[in-house]
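Using my numbering, read the sequence shown as starting at 173 and increasing by one per residue.
What the hints contain is simulated information worked out from the structure, not anything from laboratory work.
From the three backbone atoms N, C-alpha and C, an ideal C-beta is built for every residue, glycine too.
A hint or two may mislead.
[Stated by the list, open to error] Subject to a maximum C-alpha distance of 30 Å in a straight line, what follows is the list of computed DSBU-like cross-link-like pairs (lysine-lysine):
| id | residue 1 | residue 2 |
| --- | --- | --- |
| 1 | Lys-311 | Lys-280 |
| 2 | Lys-280 | Lys-223 |
| 3 | Lys-223 | Lys-307 |
| 4 | Lys-336 | Lys-223 |
| 5 | Lys-307 | Lys-256 |
| 6 | Lys-256 | Lys-223 |
| 7 | Lys-336 | Lys-325 |
[Said to hold, decoys possible] With beta-carbon atoms standing in for the labels, derived distance ranges:
| id | residue 1 | residue 2 | range |
| --- | --- | --- | --- |
| 8 | Thr-225 | Gln-265 | 28 to 36 Å |
| 9 | Thr-328 | Asp-291 | 26 to 34 Å |
| 10 | Asp-251 | Gly-329 | 39 to 47 Å |
| 11 | Val-283 | Gly-303 | 35 to 43 Å |
| 12 | Thr-218 | Thr-276 | 34 to 42 Å |
| 13 | Val-320 | Lys-280 | 13 to 21 Å |
| 14 | Ser-278 | Thr-218 | 35 to 43 Å |
| 15 | Asn-252 | Val-320 | 24 to 32 Å |
| 16 | Ala-292 | Ser-332 | 25 to 33 Å |
| 17 | Gly-316 | Asn-258 | 14 to 22 Å |
| 18 | Ala-231 | Asn-263 | 15 to 23 Å |
| 19 | Val-318 | Gln-265 | 20 to 28 Å |
| 20 | Ser-332 | Ser-264 | 20 to 28 Å |
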Amino acid sequence: MMKTKRFNLKKWTSISFCSLLMATAVFSTGCGKDDDNTPENGNGGTGKNIKITITVSSAVDQSDYISLVSSGGTLTPGDNTIWKTNGVTQNSQQAISLARNDFTGSTKTYVIESIKKLDACSIGVQFINFGQDLKFSLKVEVDGKVSVSESDKTLTGEGSDFTKQYQF
């Protein structure tokens, strides 16, 4: 004997209702007016402008260690160009790194600025002295206000160091 499937109205109604509910949810959230929180200059004003000024005012020995790394990001997907260094835009870079060799030539001061408001920023800096005194200054401004001021620091003696990690 062959069994025939019976039409189950309760099951069909339940499936139809769930499908209608899902379709309504998708279309009501996906087709409405977008809240465009990404104007041409960053993410709508929710982030912070960052400016880092670092100066090494003494001679840098080959054995000294200098490192400054700054990384940041916005909430805008694919927004990779966010920094300029000494006025030059750093295309497709979300992180900037400076090391000892950057301070052995004629440039002793670097100004790193965000060109868009950043939702997250991390700055790590480390100086280790292995030669003559190592003199430096570091200033970090957030939205135009000084947040970090390490003025006229001097590392004296073999292995003396300055290591900091900042989050904004």
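- Provide an ascending list of the numbers of those earlier hints which the structure does not satisfy. Numbers 8, 9, 11, 18 and 20, in rising order.
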